[in-house]
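Q: Grab the two chains, each in its own frame, and use the hints to assemble them into the complex.
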Amino acid sequence: MKRLALVILVIAPIVISESCKREERAYRIQPPDAEVADAVPVTSFQVGPSTQAATMPSNPYENNAYALTEGQRLFNAMNCVGCHFHGGGGIGPPLMDSTWIYGGEPAQIFDTIIRGRPNGMPSFRNHLQDSQAWMIVAYVRSLSGNANPNAAPGRDDNMNGPIPPASIKKQPATQSSQPPSTVMPS
Amino acid sequence: MKRHLSIAAVVLTSFFGIRIQAAPATQPADAEWTMPLKNYQGTRYSELDQIKIDNAKSLQVAWTFSTGVNRGQEAAPIVVGKTMYVVTPFPNILYALDLEKAAKKENPKKWQYEPKPEAAAQGVACCDLVNRGCIYDNGFIYFNTLDVQTCCVNAETGKEVWKVKLGSINTGESITMAPLVVKGKVYVGDSGGEFGVRGWLKCLDAKSGATLWTAYSTGPDDDVRIGPRFKPYYDFMKGKDQGVTSWPGEKWKIGGGTVWGWVTYDPESNLIFYGTSNPGSWNAELRPGDNKFSSTVFARDADTGEAVWAYQYNPHDLFDHDEINEHIILDLKVDGPDKPARKVIVHPGRNGFMYIIDRNTGQVLSATPYINQNAAKGVDLKSGRLIPNPEMEPKVGKTIRNIYPASPGAKDWQPCAYSPRTGYLYVPHQNLACDFESVETSYIEGTPYVGANEKMYAGPDDPANMGFFDCWDLINKKVVWRLKEKFPCWSGALVTGGDVVFFGTMDGRFRCVNAHDGSSLWEIQTGSGIIGQPTTYLGPDGKQYVAVLSGVGGWAGAVVAGDLDIRDPTGALGFVNAMKDLPKATQKGGTLYVFALP
Chain D
1 MKRLALVILV IAPIVISESC KREERAYRIQ PPDAEVADAV PVTSFQVGPS TQAATMPSNP
61 YENNAYALTE GQRLFNAMNC VGCHFHGGGG IGPPLMDSTW IYGGEPAQIF DTIIRGRPNG
121 MPSFRNHLQD SQAWMIVAYV RSLSGNANPN AAPGRDDNMN GPIPPASIKK QPATQSSQPP
181 STVMPS
Chain G
1 MKRHLSIAAV VLTSFFGIRI QAAPATQPAD AEWTMPLKNY QGTRYSELDQ IKIDNAKSLQ
61 VAWTFSTGVN RGQEAAPIVV GKTMYVVTPF PNILYALDLE KAAKKENPKK WQYEPKPEAA
121 AQGVACCDLV NRGCIYDNGF IYFNTLDVQT CCVNAETGKE VWKVKLGSIN TGESITMAPL
181 VVKGKVYVGD SGGEFGVRGW LKCLDAKSGA TLWTAYSTGP DDDVRIGPRF KPYYDFMKGK
241 DQGVTSWPGE KWKIGGGTVW GWVTYDPESN LIFYGTSNPG SWNAELRPGD NKFSSTVFAR
301 DADTGEAVWA YQYNPHDLFD HDEINEHIIL DLKVDGPDKP ARKVIVHPGR NGFMYIIDRN
361 TGQVLSATPY INQNAAKGVD LKSGRLIPNP EMEPKVGKTI RNIYPASPGA KDWQPCAYSP
421 RTGYLYVPHQ NLACDFESVE TSYIEGTPYV GANEKMYAGP DDPANMGFFD CWDLINKKVV
481 WRLKEKFPCW SGALVTGGDV VFFGTMDGRF RCVNAHDGSS LWEIQTGSGI IGQPTTYLGP
541 DGKQYVAVLS GVGGWAGAVV AGDLDIRDPT GALGFVNAMK DLPKATQKGG TLYVFALP
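Heads up: the protein sequence lines correspond to chains D and G, in order.
Those letters in the first sequence? Residues 1 to 186, per my numbering, in order.
Those letters in the second sequence? Residues 1 to 598, per my numbering, in order.
Rather than coming from a laboratory, the hints here were simulated on the basis of the structure.
Hints are not guaranteed to be accurate.
Stated by the list, open to error - As a list, the in silico DSBU-like pairs of lysine-lysine whose alpha-carbon atoms are at most 35 Å apart:
no.: 1; chain 1: D; residue 1: Lys169; chain 2: G; residue 2: Lys398
no.: 2; chain 1: G; residue 1: Lys109; chain 2: G; residue 2: Lys82
no.: 3; chain 1: D; residue 1: Lys169; chain 2: G; residue 2: Lys486
no.: 4; chain 1: G; residue 1: Lys398; chain 2: D; residue 2: Lys170
no.: 5; chain 1: G; residue 1: Lys584; chain 2: D; residue 2: Lys170
Predicted, not measured: the structure shown is a model, and the values here were computed from it.
Bound-form chain G, shown alone (with noise of 0.2 Å):
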């Protein structure tokens, strides 16, 4: 066990150095945090290990700075050399803060970037006016923006350097996810499942903004970027057209499948991964077929965009189970201690299974639930496909009652942290159930295209707690201890080399527990909800900081960030009903915390 996880280790490791010989040679290891899931294989692990089990306890506010945005702040504050970036949610403002001035309790304002998208872009975000960060690569910030463009700023001076409309609202179409650089190449992907958009995700140049490909998730294979390399693992995965064939008429061109999570890449064997959302509408009935390829990973080529494999996770998906959640690439002894470490990527599936993938073939390795389930019976690793389960089925003029996970999922897009000391992935996730109702809808272009009503509440796991931290061994496939939450945990998760790990809750308490046992090692009240994704960083005076952003919102705390009426427990896609509790429990807010020792 210990042997084959420090293997993984010096294999995570050696990827890790490819960027420290990049950085300038005074540099400490991990003194940067440039993109939201740190590194391309997406593990959120800092080597950092100056705060650590035996002081984390003295934590304590080093400085703060308002975004003058009380929305959801769902934001990774990134750092580059002397200076953080902070995106907000819309307006999507970019901030650059000076650690320097930070440090000696000046203004870090540096300077801000508005990229004014339009003000109707708030009409077509499904859950709260979130954005998931911006990224550093090679001198320049890029983010986009919730009316559908892509920014390209100059990281020293805050200039403008392009800015590119990649679709437009009036169809429905948002962007809300943080986009991957890679050698020059910028991927972005579009929000819109509720809205009956078509899902893609484009490349574009990182020089210009110029889109090289566009890889749609529905339509015929040209379209989908599938050609003679497309060579999927499973027999339901084969096909031709099968983005227009897998659905009834022309649905495909409404069918989902948008891509408002997370890109990951391997460099080794030049892939990206992502998966796609959940296919329009909601309500299956009006969608017989399997729906490709929604709630689908792909990989593909991430100079040329060709698919290289492609699996559904939830062929003709029923309940808005999205596949956006991060694909989180490791070399893991998955086949027993004495054979090689397979080539894997890591998925905590929002249907409740956590899948080991072979990432070169497209392998289901294995598919585990992490919670309690009844919307489908496992999955066949033979067909690969899931066993749905007739009995939760949603019909038009039905309501099936208690069915779990809930519509966001075991867990939604917060992403995990992987920790290639301890072995262990850190989970923030969600227990919740939900009453589920088909109805009628029609497709208007720019409206919502759901036709479901829901209910939600705390799943059989515990009636009590709707938030769940788990650490998950992903070698003998269980949990190794859980920490329970009021409320889900919809903050991302962060490890560091200090064997200590950070993440956030809505009732608005930053915490630091013992990566190895989960015992509390400190904790801190914040002012509003936390939503964001941590960070941490080497301040230019050589000490270890942690970073998050404080305010609540996003499809979880859409009650508090919206002013939205409890009353009513079908709002916000039926989020409402579970967080009756949570205007109670905090309020809006919008402020970037940053801790460290005393």
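Just chain D, with the same shape it has in the complex (with noise of 0.2 Å):
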């Protein structure tokens, strides 16, 4: 009995300074550089060697559960929602599928958010911090499963939305692929 205590004693805080140092977090996330995504191309076709998956930034967003739900309501705040819905697309193109007009990697969706595209995507400069971008970008990938399940929403907010983010099954994008036969993709 005394032999146990002991060992409890010896392991308890062991365990408790493991799972302490699990839960440990940054107080800040820090996403990539607007400058980073800026430089990124929309294509892998490369005059030469492509140089593109050396210089596409992850987004550390994509695993915390506060920047996605934060970006969820971004994405209804600024009326995102009302061009591409829950992520079923109507006056903007679909973002749950794996066809990705302009590229489907974070940089290259923070890149559209924020420049815009020529077929309707408007630019949303200086209506957005670069962080509240890199949250709307970790949301839109949350939508075809290619954030952190554990920290996407397992919810969506709205009634009769689609299949929520955390359940969702992961849709690798395909870089810059435009929907067959469509004169001009929005």
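A: As structure tokens, then:
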């Protein structure tokens, strides 16, 4: 009995300190710089050897539940939802499938939001802080299962929405793919 | 019954008579089809009778033409002399097709005119990139572009005469409607009720494109062109500056009331009639008040634009019930067979009521439900007001289920046809219910201003069929016969002197039915779903042809035209949920089909 107590006394602090370590988080998650995103090409087709893979930054917000939820709130508040709805699309293309007209990497989506695209995507420059845009990027990627499912929203905030991001099957992004036989995809 | 119908026919044909006299003497009656609704009155009726009940079964494809655009084809192919004109969805290419070459199986393209609208305009088109057609007048073709321009093109040469910019896509404006041209004046209205724009109708000089006047749908009386001549029938339509006072604060500046549907003209009273769209935003809690003059019909002096009367169908609209549907000008014996015919406009309301309105006074003579509906409790003919159903009123944080008709209404833009021979109205429409959730939204210029999540499905009239094609008896106010389709009947209707009716289906069939009993006479499978407006004409060879564009899209067909994902039921403002099976039933297209007897 005494020995058991001793064992617990020895092991408990180790377990506790280990689990504390697992819970350790940075006070602030730093998204990639906007300049990094600006330099990202829209296509993997490059003259000479492709450097695209090397320059693609990841978005740490994809692992952060708060950032993903905040991204969802901003997605609604900035009226993204009015064109893309809850991922299925309408005026703008769907965001929950594997088709990405201008690329589905985080930096490419960031670029799409901030700089706009010629076929109807407006530029949100000066309407979003960079960190907010990165949160939206994380949420947008979660719609196709490309965010960490442990962090992604477990339910959609609205009635009758589509499958919640946490349970959607991952759709690997195809880059710069245009929907077939559409004249001018938006 | 027979007698008063025949009088209506005489009155109607006397209207046509004006056109027949103006046409060359060798032209048989109704050889041409010069505007989408066929005539100023908007009847979509042609006297041509070569194709009739007993030979329609022999119809076959005479020739086809690819528009090169795979988006929703809502336009009407129009015919003037030996040339057909077709305008495509964005990028709004205008084609002139030589009917003699077409008859000889040669490529019929005479010329094409490309207005090159801004690509970004695709981002402000609420419901696919549609265009509802061009119109011919006095040697010129007039049409609008998605990026808020009106074009005038020489009908013979295809050379641009003028092109004017009437608004900006940066504020969310676009144009999808077909203009009307009367006596050297071009009437054009804007789209963008889902983007918080301020609706207007402009009158342009047909020669120069200069704006002669603008009539806003909201704002002070001067802007709405309300003055001493304004005499609405109902008290609730009276009062100074209602376009301001029926809104909170300055919300009227982003209040919608766009004019994206049909304008008709009554030569006798010199009045034009048109309806305005839903108010913005869809979330009605953000705009307490009647929200005048959204969801309203205006009667205006065709020359000065002065409002003569107005009637608001849906004060404080709750469900996106635009009332831009056509106002067909008819003389009907609605008071009884022994009383003189009344001068009326007929309006199949998006809210599910078939309105017959005295076109000179604005008095609602009748408002009869033509579909099962619970969105409202009826129309109080004394006060004129729609009686709301408080149980169905959306509130933020609450989802109201099973509202019918849903946002596209019992009938959307797709125009009816009226036959003076049968006296019946042929109504392509839809049977849709919805769940509706109001949510918070903010106005951000150039982005959608909606504030609602919706999910549509088949209405209670038939859980398996969302498309109804009705033959409606305007005198006895009842359905004579009804055809059902799985998908909404989103194409216009055409009725002819041969007592045959044409319409298309979203799964791509083009149908011809008996105007008397609705029995099927002929149908053909085309390359894509049909949401266009069929027309008919006499070819240079003296034969009757029927033309229609095949190419699915529009709000109802956005799931196919825009490659939408059917896993999101709220997609395309909730229409995706109802149209999940459409991608299996059809595919994109953009082809003109012309049919004839062998």
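Q: Return the numbers of the hints above that this structure violates; sort them in rising order.
A: Of the numbered hints given earlier, the structure breaks none, since each of them holds.
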